[in-house]
Structure formats: C-alpha cells, structure tokens
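**Q** Can you make the complete structure from the sequences, with help from the hints?
Heads up: the sequence lines are chains A and B, in that order. Letter by letter, the first sequence follows residues 62 to 356 of the working numbering. Letter by letter, the second sequence follows residues 88 to 364 of the working numbering.
I should point out that these hints are in silico values taken from the structure, not numbers from a laboratory. Any given hint could be a false lead.
Computed, partial: chain B to chain A, Cβ under 8 Å [said to hold, decoys possible]:
#1 Ala194
#2 Pro199
#3 Pro234
#4 Leu235
#5 Asn349
Yeah, the Cβ is synthetic: ideal placement off N, Cα and C, and Gly gets one too.
Take a look at the letters that make up each chain.
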Amino acid sequence: MASDKGDPGQKSQKFWENFMKTLFFISALTSVIAVFLICIFLFAGGIPAMFKIGLFEFIFGRKWAPNDVPPLFGILPMIMGSIYITGGAIAVGVPTGILTAAYMARLCPQNLYRVLKPAVGVLAGIPSIVYGFFGMVVIVPLVSQVFSANGNTILSASILLGIMILPTVIGISETAIRAVPESYYEGSLALGASNEWSIFFVILPAAKSGILAAVILGVGRAIGETMAVIMVAGGQPRLPNSILDGVRTLTANIVTEMPYAADLHREALIATGVVLFVFILIINLLVALLKRGGN
Amino acid sequence: MKPIKKPLGHFLALITKAAAATTFLVMAFLILYILINGLPHLTPSLFEFKYTTKNVSMFPALVSTIIMTALSLIIAVPLGAFAGIYLVEYAKKGNRTVKVVRVTAEALSGIPSIVYGLFGMMFFVTYLKWGNSILAGAFTLSIMVLPLIMRTTEEALKSVPDSYREGSFGLGAGRLHTIFKVVLPSAVPGILAGVILSIGRIIGETAALIYTAGTVTEMPQNVFSSARTLSVHMWALTGESLHKNESYAAGVVLLILVVGINSFSAFIAKKFIKEGK
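**A** Rendered as structure tokens:
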C-alpha cells in the first residue's frame with residue numbers, strides 16, 4: 062500500500078469513506094427528524110383548538126356535539142371510552158397472555174412449542190382490519206345473542222382487543238420469564254417446592270418488571286388501536302353506563318368524523334390526536350423507566 | 088406441606104394449559120373462519136381489471152398495494168439500513184447522538200398508526216401539497232416501518248462476528264470496503280427478514296392510509312394519484328352492508344398475503360440463525 066501514497070485512487074477512496082459516513086449519519090438522524098416533525102405538526106395543529114375551546118371544557122367536557130349551535134367539543138366520553146375498552150382488553154388478554162407465556166417458557170413439551178410459537182406469530186401478523194371484520198361477524202353477533210342487546214358494545218371491543226394484545230403480552234412475557242436465572246428455579250426445587258409452585262411463586266415474581274413492561278406495551282397497543290375498535294364498539298360519543306353500552310374511543314373519533322369536519326371541528330379532531338399522542342408518550346416513558354430499572 | 092401444595096400445583100398446571108389452548112384455538116378459529124367463509128366468494132369477477140360498482144373488483148386495490156409497498160420500501164429500506172450501519176459500525180459507545188436516535192426510534196415504534204395518518208395528512212397531503220396520493224401514503228408508511236428496519240439491521244450487523252471485520256482491516260481494507268464486501272453480505276438475510284416483516288405491516292395497514300392515500304377505487308395513473316390499498320378497500324367494503332361477501336374475499340386475500348409473508352420472514356430468520364451457528 063506504501064506505493065499508493067498520493068495516488069488519486071486513494072484520494073477518491075478517502076472521499077467515499079467520508080461521503081458514505083456522512084450519508085449513514087444523516088440516515089441515522091431520520092428518526093429524530095421524523096419525531097420532531099410529528100410533534101411540531103401535531104401540536105401546532107391541535108393545541109390552538111384546545112385553547113379556543115378551553116382546555117378544561119375540551120378534556121373534561123361531557124358532551125361532544127360538533128353540529129350544535131354553539132358546538133360542544135368535550136372529549137371526556139372518548140377518553141373514558143378508550144380507558145374502559147383498554148381496561149377490558151387488559152382483563153381479557155393479560156391473564157391469558159401471561160399464563161400462555163409461562164406455559165410456553167417452562168412447561169410445554171418441545172414439539173408443542175414448535176406449534177405454539179408460530180401460532181403467536183400468526184396472531185401478531187393479522188391486520189387489524191381483518192381482526193375488526195372477525196369481531197363484526199363473530200363477536201358482535203355472539204354478544205348480541207347472549208345478552209339479547211345490541212352487540213356493538215364495550216364488551217365486544219374488549220374481547221377483540223384482548224385477543225389482539227395477546228401476541229405482545231405473550232412475546233415480551235416469555236422473554237422476561239426465560240431471562241430469570243435457572244438457579245432460582247433449582248433453588249426452589251431444592252427447598253422442596255414442586256415444579257408448578259416454583260414457576261408461579263419464584264420465577265414469575267422474579268420476571269415481574271419484564272411482565273409489567275409487556276402489560277404496558279399491551280395497553281399502548283390497545284389504546285392506539287383504531288380500525289378494529291371502530292368496527293365493534295358502536296361509536297356513540299357518550300359516557301357509558303355499563304359494559305353493554307356502545308362507546309367511541311379517541312382513535313375512533315378521529316377516523317369517523319374527519320371526512321366531513323372543517324375549521325374548529327377539524328382542529329378539535331387533531332387535538333383529539335394530541336391527547337392520544339400524550340397518552341402514548343406517557344406509556345413509552347413508563348416502559349423506558351421499567352427497562353432502566355430492570356438493568 | 089406437600090399435600091396442600093399438590094392440588095394447587097395441578098390447578099396451576101391446568102390453567103397455563105387452558106390459557107395456551109385458548110390462544111391457539113382463537114388463532115385457529117379466526118384463520119379457519121375467514122378462510123372457510125371467504126374462499127367461496129373469491130370469484131373471477133373480483134379480479135377484473137376495472138373496478139365498477141357491480142363487480143367490486145379488488146384488482147386496482149391489489150395493484151395499488153404493490154405500488155404502495157414498493158415505494159415505501161424504496162424510501163425506508165436505504166434509510167433504515169444506513170441508520171443501522173451507522174449505529175453499529177461507526178457510532179462510538181455512549182455517544183449522545185446515538186442515544187437520541189435510539190430513543191426516537193423507540194418512540195416511533197410506539198406511535199399508533201392513526202397518529203401517523205394524522206401527521207401524514209397535515210404534513211405530506213396539506214403542507215407539502217401532495218394531496219391524497221400514493222406518494223403521501225408511502226412516505227407516511229415509510230416512517231412507520233423505519234424503526235423496524237433499523238432494529239433488524241442493527242441486530243443482523245451485531246450478529247456478524249468481529250473477527251470478520253478484524254480480518255478485513257488486517258488485510259488493509261478500508262472501513263467502507265469492509266462494510267459492503269464483508270459485513271453486509273453475511274447480514275443480508277437478517278436485514279431481509281426485517282424488510283419482509285415491514286411488507287406485512289404495510290399491506291395490513293389501514294388507519295395511516297385513509298387520509299393520506301385516500302380511498303379512490305380507480306387504478307392509479309402515477310404516484311400522485313389517490314388510491315386505496317387492499318386493507319383500505321376492505322375497510323370501505325365493510326362500511327357498506329351490501330358487500331359482506333366481497334369483504335370476506337378481501338379478508339382471505341389479505342390474510343393469505345400477510346400470514347404467508349410473515350412466515351417467509353420467520354423462515355429466513357430461522358435459516359439465517361442456523362447457518363450463523
């Protein structure tokens with residue numbers, strides 16, 4: 062290589078090294094720029110409306126009636142709708158998910174694992190529109206038959222979302238359970254505890270921060286879900302009295318009314334997106350804190 | 088103590104089995120239900136070149152889906168892969184920029200698709216004046232899959248043993264040469280698995296596209312045409328109670344596409360891991 066000194070070939074090589082390095086660096090900044098742009102546009106589009114409506118009236122207003130004179134833009138029903146449905150999804154999906162993860166990580170025979178693992182992968186890959194359709198043609202009629210009521214309810218949406226968050230909860234819980242050192246399990250066995258006892262009272266508690274992260278990510282998935290929820294939850298913008306009432310979530314509010322919204326109404330919908338975004342940011346923050354605590 | 092624990096142990100074993108069985112049965116039921124009810128409705132008229140209100144053809148939507156996927160990947164794959172290369176091959180440990188990149192990428196992967204849709208509508212459609220178009224949809228989706236491609240690239244590059252790099256440097260090769268000729272070739276299957284996973288997400292996406300690419304049923308003329316992908320097509324059909332059978336048919340095609348693509352990705356990743364060992 063010594064003979065290459067001052068050679069134009071080496072000069073151009075140096076140029077390419079630096080050029081590509083800069084290109085790689087700029088590419089790495091894309092995600093930073095994207096998050097920055099998303100924040101700017103979302104906040105600039107939504108926050109003025111919040112102040113025009115009144116921050117308190119917007120978030121705690123009990124009535125959403127954009128076509129009234131004067132129009133009312135209270136999103137409390139939608140916030141509660143999102144919270145109820147997410148709570149329901151957690152009630153359905155989290156116990157099933159954690160138990161399935163425990164079974165897959167510790168109890169299940171090898172050849173059964175080879176069936177279960179891809180099955181969870183398939184659940185994770187199904188598009189939300191297909192889930193929503195399934196909810197519409199199977200879960201809604203079922204709920205309607207059992208309770209002889211309209212089937213588009215909090216209950217139907219909770220069941221459907223409970224299924225949809227399963228892969229998230231199972232995947233992350235399984236990783237967390239597998240990360241518990243084998244010595245914990247062996248120690249418990251040596252003290253005379255049974256296999257199942259050791260799993261439930263030694264391994265699961267030791268994996269709790271990972272499992273909690275799984276639950277929080279499940280909450281994030283449930284609260285942000287849009288299409289499937291619209292198709293089964295009914296969509297009425299009012300505070301529900303029971304789980305057999307229909308509700309509208311924050312996400313549903315945006316998609317349902319955007320086609321015919323203008324001016325303040327449209328801005329109020331973007332502001333609904335801001336509220337959703339803030340929820341998600343809080344959830345991300347919680348997960349990040351948990352991860353830091355875990356390390 | 089043992090006699091007390093034993094029934095509890097059986098109970099605990101039983102509920103984990105029941106939960107795993109539920110998960111599996113729900114998956115099987117969902118897939119079979121859509122397939123059995125949908126396959127009979129996959130008629131040739133659904134694949135006619137031109138959409139009319141009579142044939143409700145999904146063919147233009149299929150073409151739009153392919154264009155949308157290709158365009159999103161053209162944007163997202165180089166950016167995501169280059170970002171991954173920077174993070175693994177160039178960035179020094181503890182670098183503050185790297186930390187910011189990681190945090191923002193993680194934030195991106197948590198943002199719901201409807202928020203991407205809102206952003207795409209305000210930025211690409213309105214602010215950049217692209218209108219409802221495939222281009223606006225593809226840019227929106229490329230931001231959405233960016234973190235996925237970044238992460239899989241990073242993982243694939245990290246799994247390449249350092250001895251490869253050292254060997255290449257030792258032979259006098261530069262950093263760039265080492266990356267493109269030595270490191271990347273052995274990381275390609277891992278990156279590919281991530282790309283295929285992204286294809287699955289793009290095909291299945293609805294909420295981010297309704298207000299960026301629009302819901303036009305016609306065959307797209309160019310990237311500035313508004314068009315609906317198959318998922319958006321299915322969404323539009325479910326809104327009209329007349330088209331339940333066509334919704335089933337669209338559901339079948341979507342399901343086969345997405346599940347097939349994801350399995351293919353898993354297969355490549357698995358093969359890659361085996362060969363790596």
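**Q** The structure should be examined with respect to each hint, and the outcome stated for every one.
**A** These are the hints, each one checked on the structure:
Taken as an interface hint, Ala194 (chain B) checks out: its beta carbon lies about 5 Å from the nearest beta carbon of chain A, inside 8 Å. A least Cβ separation of about 3 Å between Pro199 (chain B) and chain A falls short of the 8 Å threshold, and the interface hint therefore holds. Interface hint status for Pro234 (chain B): upheld, as the beta-carbon distance to the closest one in chain A is roughly 7 Å, under 8 Å. A hinted interface residue such as Leu235 (chain B) counts as satisfied when its beta carbon comes closer than 8 Å to some beta carbon of chain A; here the least separation is about 11 Å, so the hint is violated.
Restraint check, Asn349 (chain B) versus chain A: the minimum CB separation of about 4 Å is within 8 Å; hint holds.
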